[in-house]
Amino acid sequence: MAVSAVLLFLTFQLGLSMLSPQMIDVGDQTDEEYVRGFHQRERNEWSSFRWTKPDSYVMLADVGHIPMTFSLAINGWRPEDQAAPQVVLLANGREMANFVAGKELRTYQFRYIPPVLPPSRKVVLEIQSDIFAPSTDQAGRTLGVLVDSVVATPIAEPLWSFYLVLVLLLSLAIGMGYLALRSLGGGSWFSFLGGLLLLTLACSILAICPLRAVAFSIWALGFCAVCYVSGLIVHLKGYGDVLGRLGTRVQTGLRSPGGRTELLHLIRRVAVLVAIAVALKVGLTESWRYVVSEFRFIRENPYLTYEEKMRSKWVGWYDYMIFVRDSTPPDALIMIPPQTLWEWSGNGQLVSFFLYPRRLILENRAAVATDETVSHLLVAHDDGRDWPKFAVPAERILYMPQRRQVWVDDFVLKTASGVVMLEDFEGSTPLAHWASNARKVVANPPLIVDARTADSRSLYFDLTYTQSEYDYWGRAVDIVLNEPVSIEASVRSNLPHRVNLIAEVRYPSGNSAVFGSPPNTESARWEVLGIEDLYSRARDFGMHNGWPVAGMKLSMIGMNTGCQASMPYQEGWGVIELDKGVQGPEQATGWGVNNAQRHVRLARAHEARGETVRAIEEYQFALELEPSNGWVHFALGELYFAQHDMVQSAASYQRAIELEPDIGWLHFRLGEAYQAGGQTDQAVAEYEADIEIEPDTAWAYLALASIYETQGELDRAYELYYQAGELASFDPTADAIAVREGIARLGKER
Amino acid sequence: MMLSLLALLLVAVFGFPITLLIAPRVRFLERLALAYGLGWGAVTLGMFYLSVLGIPFSLPNIAALLVVVTLSLGWLVRKTADVSSYLAAASAPRDLLRRMKRPSLPETVLLSAIVFCFLAALLIAAYWPVHTWDALAVYDVRARMFVDAGSIKGAFSRSVYPPPDLLSLAPPLTSLAHSWLYLLGGEAQNARLIYPFFSASLIVIFYYSLREQCSALCSLIFALLLVTAPQFLYFSSVAYTNMPYAFYEATALLCLYRWLSLHKQGYLALSALLFGLGSWTKPATDPYFIAILPVLAVYCLQKRRCIAVAGFVALFLTVAMPWKLYVRYGLSSAQVFGSLEYEASIAYELIRTGLNWVQIGKAFDLVRLAWNRALGLIWPFFLGTALLNLKNLKQHGWLLLITASQAAVFVAGVCVFATVIYPDDPRELYAVVTNSGTRLLVFLVPLLLYYAAITKPVKDLFEVGLSVVAQIRLPADRQP
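If you read the protein sequences in the order shown, they are chains A and B. Per the working numbering, the first sequence runs over residues 1 to 750. Per the working numbering, the second sequence runs over residues 1001 to 1480.
Everything labelled a hint here was simulated from the structure, so no lab data went into it. One or more of the hints may lead you astray.
Cβ-Cβ distance ranges computed for the label pairs, FRET-style [claimed, not checked]:
#1 B:L1325 <-> A:V647: 55 to 63 Å
#2 A:E726 <-> B:S1157: 32 to 40 Å
#3 A:V441 <-> B:L1059: 38 to 46 Å
#4 A:D383 <-> B:S1157: 32 to 40 Å
#5 B:A1412 <-> A:E372: 49 to 57 Å
Calculated lysine-lysine pairs in the DSS-like style (CA-CA distance at most 27 Å, straight line) [claimed, not checked]:
#6 B:K1079 <-> B:K1303
#7 B:K1456 <-> B:K1303
#8 B:K1264 <-> B:K1394
#9 B:K1394 <-> B:K1303
#10 B:K1456 <-> A:K281
#11 B:K1303 <-> A:K281
These figures come from a predicted structure and were not determined experimentally. All C-beta atoms in this analysis are idealised placements derived from N, C-alpha and C, irrespective of residue type, glycine included.
Starting from the given sequences, assemble the full structure and let the hints guide the process.
Okay, structure coming up:
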């Protein structure tokens, strides 16, 4: 007993030190086996995760007996006006921790010491927390906390109390085996050998697979007890005699000359039998797990359609591909991003499957304008990386259905003679639907007084768009424009760059123009938008067009909920139908009012036909109507760049950056303009700014590396090439080739 | 579903005369299993040749070709093979039922477990459509292109991106197999149903190969070990090439061993055909075939059967080469991956750069990783039995040589990847070895288990230690 106890204790120490941590990447494709009761997988720029529901738990099989440290990466994000959530963790029903989760992603560690009895095979880690209903959530979910990963690390240091109880139990099992054999008629030597054999077996199994061996040993204990009790009850004396005789024969055999060989053969057979049993057991367990996990899904969802099954496997990606397929003709030639960074959207073969018979072409910026056969571009958003990264002459931009929720408050018109508030909504329609080119679904009455907010006088819009450039909601006014006028409103939306204020001005000649404010820049935050000095803008625009400006009137004020970012790759999945300039731009717009979007469309049409000078003119017109549109400045910068006018190009990019400071790509393009103009130091600064904003895109690293290489700073250049390579992987694109060549070249030189 | 099953049945029907012609003395179930694999070879090769000849592979065209081929083979069987064996094979199902003895309790349990696993894989395959990444991106998309264009060249030439070079990278067996299903029953058919039957065929052939040397209990236990080997069940139910490839390669190697060691008639030709179809299924498999050649060279020298071995190589090339030639000359593809030139250039590069021990050390770490993932406990089990069998090493020397040659190719392959192809990109290297490398090892599982089962210690266990267990039966009145 004493020897077995010591050996067992040592074996446990050895076994635990051999165990490796188990990591569950919550939100990864492989997490289904472990998580229950969570919301669907989600991804952001950095990782994948899931939000908890009130009854979410993580389940780890076959480790219930092992003392472990759990590390949970949890984010208890809440809106500013709400307190951080209280989280309670329970392991197999016992409270393990009770804490307040921070509003950012943090790792929390807890020790789990399993109870010796009753033994449990699995650990069910229950996560309970306060819940909240985010106003920006399109599905109206209630969320607990965000879980990014769960790591279970076995505790390797001695846990005396835990081991001692278990060791004593197992020693007791061996002792009982000895006693059972004795009582069944085995000799003392035979019973002793039997006990030792059991000990060896237990030790060897423990060494191979300690987790299961613990369970096995406890079962063995139960089994011995059952056998012993059964033996006594049923009086299987005959078997006792047989075993006794076998024991005597073993003793006799050991003394005979051939006996040892016979024993060796016996041991060999037993070893093979044990090996087969272990291999079968492990194989059956793994196969069973696979079958059970599949069967569970099938049982719960027996009648899913093909679409539903594909959606369950490909989540949002399937809907995206189906959307693109339904939005493009079968003979379309669609340009896709390089696979270097857009692993999914850039995988031509994969995309081919979903979009067949539509044909694909890999990114080729020149072909967008010059190749008549290219008809569409994907709008990709893989892992938060947007594509395309260049100006595109778009005929139509179709987004996957986007639910836009917009709240409006404190809508005011300021004139020299006073302030007019538009907040007296009782009994009248404050903003009537005026004009639209939107393709949209109106889920709720589009304009209601929102009762959900503290300020019940806010206007609330709830619309789902698939395509739009404008969707004006206006209120008719009749104000002569002969003095400075400005319009202001507080706006909140679930999506950035989608809402702006508008004002229509009618000229005495019968022409009209629509002036806009910059769009909202953030999601789920109140922002004050405004059209400043409308009088000067309207006067300048009218004079520019040769219209009489005396007597012009402000005829409509309101807002545009269908605003679309001019650079279509921002914040969304979709497809762009390219404008090849086949139709005349006048017919293509079909819109008689001079608004900024119309001029942007005209500019794109000219751009598509290679009429750069006219395109620049139209962009400049657009800027007169909407001087704060950063993307129009960017498009202008692109055209100046194409004309090798680096001074103008850099100026336009700079203005775009002032208006859209958080877009890394703008810095990159400004850096390229500086570099092409020979201003290397400024270029370096802009590339570094790009890296700071978007640290996981390879272009800026590559451009910086090339500058440093030219300047002879080879170590720095090599490091940057290497970093670019880490991001780009090896893909047959120009960037990846440049990276590989750079590494090879500098590797040799260094 | 029924149309899919009909399509699979037709495939087995097409393969049946080929088995009669090549291997006349085979048990019925084993013949059926072989017919399934060879049938897919016949159907897909038929479609391929139609495409080469410029005849669109519509359903009537393929059916006409296959009926002509099947009838011709039937006529050949009547002329050349022993007709009595044909008749015996034809009446085999009835005969099988008549001769089937009452299985013992352990045999019933084991058989039930194997059948359960097969049915589980079948159900999973029937429920889910083709959805895994490579299955869609590499194989199924080509199938839909083939059906639409009516020919391989037509399908590839229509694509701008991915270019034909990329589309023709993987051999076309599984894509053409999917096409066959879609042609027969429309694109709503579930092509995943093809794969569980490949695994069932492999199990049947494995069992009967083993049954020649072991007891029924031992064969069943090892068949169950094979079914529950890592990823076997998964690959049985997904539309990857891994299971068909494992079927062709493992069956080819078992057939080769049965010819080398047991001198079974027709098995050399069968092995060559199956090797060829393995190369027709998955890219970069040629080195595994080349590794067999030294083993056969030794056999040639010992037994003076050079003509048979030359015929073996010729038959392999007849099946394996047309696709490579078609890609090179028919599609004018620039892709060279998997070609002999490519492999030779890699070998040259390896010799030129010399042995880089640091990289080779890393490579062995990766080998261990892939080994563990693909083989699990099968590998230590094989090693253990091989060690216990050291005294009788010569008894199954050919099998050991074959196994060693295949394992050596894998190890060498990883070394090449680590030292020549991806020396500076550990992430890509890791991905290639752990994914593609692991899948390439699946065919080795049946071989390792087969060797373990026929070693003396295992035989001893079943003949002496467990002989009593094999006879445990339920009383007749409690039989189900």
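Do the hints match the structure? See the list:
The given range of 55 to 63 Å is respected by L1325 of chain B and V647 of chain A, whose C-beta atoms sit roughly 59 Å from each other. Between E726 of chain A and S1157 of chain B the C-beta distance comes to about 37 Å, which sits within the given range of 32 to 40 Å. Checking the proposed 38 to 46 Å range against V441 of chain A and L1059 of chain B shows it holds: the Cβ atoms sit about 43 Å from each other. Taken as a hint, the range 32 to 40 Å holds for the pair D383 of chain A and S1157 of chain B, whose Cβ atoms sit roughly 34 Å apart.
A C-beta distance of roughly 51 Å is found between A1412 of chain B and E372 of chain A, which places it inside the suggested range of 49 to 57 Å. At most 27 Å may separate the alpha-carbon atoms for a hinted pair to count; K1079 of chain B and K1303 of chain B exceed this at roughly 30 Å. Note on K1456 of chain B and K1303 of chain B: the hinted pairing holds, with a Cα-Cα distance of about 26 Å set against a maximum of 27 Å. Taken as a hint, the K1264 of chain B and K1394 of chain B pair is honoured in the structure, with Cα atoms around 19 Å apart against an allowance of 27 Å.
The suggested pairing of K1394 of chain B with K1303 of chain B holds, with an alpha-carbon distance near 16 Å, which does not exceed 27 Å. In summary, the hint linking K1456 of chain B to K281 of chain A is supported, as the alpha carbons are separated by about 23 Å, within the 27 Å threshold. Under the criterion of a C-alpha separation no larger than 27 Å, the hint pairing K1303 of chain B with K281 of chain A is inconsistent with the structure, at around 43 Å.
Of the numbered hints given earlier, the model fails hints 6 and 11; all others are met.
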